[in-house]
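Protein chains in written order, with this note's numbering: chain D, 1 to 159; chain L, 1 to 617.
Any given hint might turn out to be false.
[Unchecked claim] Okay, derived cross-link-like pairs now, EDC-like style, lysine to aspartate or glutamate, Cα gap no bigger than 16 Å in a straight line:
no., chain 1, residue 1, chain 2, residue 2
1, L, Lys617, L, Asp548
2, L, Lys273, L, Asp150
3, L, Lys331, L, Asp504
4, L, Lys294, D, Asp145
5, L, Lys106, L, Asp24
6, L, Lys317, D, Asp145
7, L, Lys577, D, Glu32
8, L, Lys427, L, Glu440
9, L, Lys317, D, Glu18
10, L, Lys598, L, Glu582
11, D, Lys14, D, Glu32
12, L, Lys395, L, Glu426
13, L, Lys324, L, Asp335
14, L, Lys486, L, Glu502
15, L, Lys294, D, Asp17
16, L, Lys550, L, Glu455
17, L, Lys409, L, Glu612
18, D, Lys146, L, Glu440
19, D, Lys134, L, Glu366
20, D, Lys63, L, Glu320
21, D, Lys63, L, Asp472
22, L, Lys317, D, Glu19
23, L, Lys294, D, Glu18
[Stated by the list, open to error] Simulated DEER-style distance windows between Cβ atoms:
no., chain 1, residue 1, chain 2, residue 2, range
24, D, Pro51, L, Glu502, 49 to 59 Å
25, D, Gly133, L, Ala190, 18 to 28 Å
26, L, Asn410, D, Asp4, 34 to 44 Å
27, L, Lys5, D, Asp4, 16 to 26 Å
28, L, Asn494, D, Pro69, 31 to 41 Å
29, L, Glu169, D, Asp17, 36 to 46 Å
30, D, Asn2, L, Lys577, 23 to 33 Å
31, L, Glu169, D, Lys14, 51 to 61 Å
32, D, Val68, L, Ile600, 24 to 34 Å
33, L, Lys100, D, Asp4, 52 to 62 Å
34, D, Lys14, L, Leu543, 57 to 67 Å
35, L, Glu54, D, Lys146, 25 to 35 Å
36, D, Asp4, L, Glu612, 35 to 45 Å
[As the list claims (entries may be wrong)] To give a feel for the contact side, a few chain D residues facing chain L, derived at Cβ under 8 Å:
no., residue
37, Gln27
38, Ala82
39, Gln100
40, Val117
In short, the hints are calculated from the structure, not lab data. Built from N, CA and C at the ideal position, the CB exists for glycine as well.
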Amino acid sequence: MNVDLGKVDKLIDKYRDEEAAYIPLLQDINSEFRYLPRDALKRVSQKMEVPLSHLFRLATFYKSFSLVPRGEHEIQVCMGTACHVRGAPRVLNKITQQFQIYPGETTADQKFTVETVNCVGACALGPLVVFDGKYFGHLNLSRTDKLLEGYHEENKKSS
Amino acid sequence: MKKIKSPAELEKLRETLVSQNNTDKPWVTICCGTGCSASGALDVVSSFEKAIKEKNLDIDITTKVTGCHGFCEQGPLVVINPGNIFYCKVKYEDVEEIIKETLLEKKLIDRLLYVDPLSQEKVKTEDEVTFYKKQLRLLLGNNGMIDPTDLYDYLGIGGYGALNKVLQEMTPRQVIEEIKNSGLRGRGGAGFPTGIKWESSYKAEGDLKYVICNADEGDPGCFQDRSILEGNPHSVLEGMIIGAYAVDSGQGYIYVRNEYPLAVKNFSTAIEKARDYGLLGENILGSSFSFDVKICRGGGAFVCGESSALIASIEGKAGEPRDKYIHATEKGLHDKPTVLNNVKTWATVPLIIEKSAEWFSNIGTEKSKGTMIFSLTGKVNNTGLVEVPMGITLKELVFEIGGGIPGGKNIKAVQTGGPSGGCIPEKLLDLPLDYEKLIEAGSMMGSGGMIVMDENTCVVDLARYFLSFTQDESCGKCIPCREGGKQMLSILNNITQGKGQEKDLDLIREIASVMKDGSLCALGTMAPNPVLTTLQYFPDEYLAHIRDKKCPAGVCQALIEYFIDQEACNGCGRCLKVCPSEAITGHKEEPHELDQDKCIKCGACTEVCRHEAILVK
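Working from the sequences, and respecting the hints, build out all of it.
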């Protein structure tokens, strides 16, 4: 995959004067490209004079980084304790069955990534799902169905 | 905008602000914390703005978008002043009526009032809501009063008064003494006395020192730090500035979870505003003291809530803990003396300085002073943030403030302290909550998570859940945590799948003791707590899984079967429609049948059945 290194350079310039600001830099790259492209990491390694192995270590240690491209839409299923006791595992099962992927994976058409998160801090609404940054709470199986249905429709219209 | 150059100038500005605050003028506060926003509070705000703009009203109404009020269960919340009128579950379309009826004609709208779940009576004002009545909201109280992005609002309620006092009247030594005398202990969970921590950093040699605010709130089921940062960021910032003055630090950091975008945004705004007004940066309020704060966003690793891992993460490394024979107060960030405290600890500091150590030490129990914020969640009527004096009993917390258990079910246990804490059974509900008493019961204060469980929660499954969390989040550096957790989890998985043996329970205890003795940081030493406490208080439930291959709470999928009660089923067909595996058959208006071989135990039928005809055995 071709990566616009100009964008990477711009982000690098932002952190150049800061000491060891690798994590915020990788966070910015990750949100720009929706993952950490290999070429981008190589560029950071050269320009910031840091071993590629160190960047790889950070990329694999912290959960917010991904080394593979993520979907256009992100579905985060909250698996916090409050959601867990209110039935989050069922909701997760339903969603993964629907998309035919395991948590952490992306659909083949690169449209959806489903992942689990440990508490988004909206426990009163549990079980809940964060769909592209928007919260959908008090889910049960039929409401989950409805939620996904809506997005499928939207998806069809846009494509 | 002009920088404030002296404490006197700050006082003058505050006086002007207070005199401008005309309390007769109606003002509406709308809670826009994460919980209420997710329930549609932002729509309510835009509806107010639109209505006020479009309808040339004869009265001047101020709307205020505030941080979390704490009562997330009833969101979106709207409070109307003067009068302290409390409306809950407000929707976009209610706004017009609120303006017309309540603001213009001073009448109450019955359907928006809160109904007390115990007395079934309607409550008119925020102060009268039982959820708030028993609380002592020192840290959270102002969340509902101020717009977190407006520095003037914080100044108007006395904000930065403590900083003023410190710069004018107190030496660093005196500040440390005051904090020591107050008895404040770290609110991150371990409960180390804050004043002593500051003192050792004060005494440590070095011209460069750091202060850090730990806002990497990773415990599932905890959101108090987030609410303070979102709703009242200046209180945390003021505490950090005072702490920096006390230990003579010039640079501070706040390490916030990246999953908390609103907290990051509001805290960044607070930093910028404070800098603009000369409350942060070079020569604070015209004094010789300079200090600045930087934000570090976390990378989504739970272990980074541990102090030495957090420091490593700020240094641009992988967040792995180190052994702490040398304390961070002597060699912390970049090997310089560092004071690291939790959000709530920092936010408490200005209160102590302002109102005195004596006032603070009168709240709470002998060894645990002040208030603690709990995230009350799980199977409880009033989910939300609760701030209470230390020493309150679990019973008061769950039944009086929390309003009891939904659906008339019985309480089984309460999990305190998140994944590192323990499970406290019903028989110990009279336990007063303080640092020592919780440890005696096998749990801990932790960051204040409090998850209520009813009879339908399986404690074995819960222990498995917590362990799978800590095992997943283990950084892998030390063997007891990495391998011990893995083995213990596999044993628990076996038990919940009906493949457990009685000797497994001894093995669990053995592994737990090694993890407790040998792990490098608290993540590993505390990880066995949920397993050990459930094993201690609910041995019969473990044995039911092992001997009888049954899950009494009806949770563990491999050990339960669904049945249709032929008497109760009226053949409405709802379950038949939702069953994804076509396991349910039957004719309309005749009792249905469930085929065990086809059933995948997803539970979809229980959700839709209105006649309680689906039984779990």
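Handout entry: Beta-carbon spacing of Asn2 (chain D) to Lys577 (chain L) - inside the hinted bounds 23 to 33 Å or not
Key = violated, 49 Å
Exercise for the section: Would you mind confirming whether the straight-line C-alpha gap from Lys598 (chain L) to Glu582 (chain L) stays at or under 16 Å? Expected result: holds, 7 Å
Handout entry: Holds or violated: Lys294 (chain L) to Asp145 (chain D), with C-alpha atoms at most 16 Å apart
Key = Since the Cα atoms of Lys294 (chain L) and Asp145 (chain D) sit roughly 43 Å apart, the hinted pair is violated (cutoff 16 Å).
Handout entry: Straight-line alpha-carbon gap Lys106 (chain L) to Asp24 (chain L), limit 16 Å
Key = holds, 13 Å
Practice task
State, for the Cβ atoms of Lys14 (chain D) and Leu543 (chain L), whether the hinted interval 57 to 67 Å holds or is violated.
Solution key: Taking Cβ atoms as reference, Lys14 (chain D) and Leu543 (chain L) lie about 59 Å apart, which means the hint holds.
Handout entry: Hinted pair Lys14 (chain D) and Glu32 (chain D), Cα distance within 16 Å
Key = Satisfied, since the Cα-Cα distance of roughly 14 Å is no more than 16 Å.
Practice task
Verify the proposed pairing of Lys324 (chain L) with Asp335 (chain L), using a straight-line Cα cut of 16 Å.
Solution key: holds, 13 Å
Practice task
Identify whether the interface hint at Val117 (chain D) stands, where standing means a beta carbon of chain L within less than 8 Å of its own.
Solution key: Nearest chain L Cβ about 7 Å off; hint holds.
Exercise for the section: Measure nothing beyond the straight line between the CA atoms of Lys134 (chain D) and Glu366 (chain L); if it is 16 Å or shorter, mark the hint as holding. Expected result: With a Cα-Cα distance of about 45 Å, the restraint between Lys134 (chain D) and Glu366 (chain L) is violated, given a limit of 16 Å.
Handout entry: Asn494 (chain L) versus Pro69 (chain D) beta-carbon gap, inside 31 to 41 Å or not
Key = holds, 37 Å
Practice task
Please work out if Lys617 (chain L) and Asp548 (chain L) have their alpha carbons no farther apart than 16 Å.
Solution key: Satisfied, since the Cα-Cα distance of roughly 12 Å is no more than 16 Å.
Exercise for the section: For the pair we were handed, Lys63 (chain D) and Asp472 (chain L), check the Cα-Cα distance against 16 Å. Expected result: holds, 11 Å
Violated hints, listed in ascending order, are 3, 4, 6, 7, 14, 18, 19, 25, 26, 27, 30, 31, 36, 39; each of the other numbered hints is respected by the structure.
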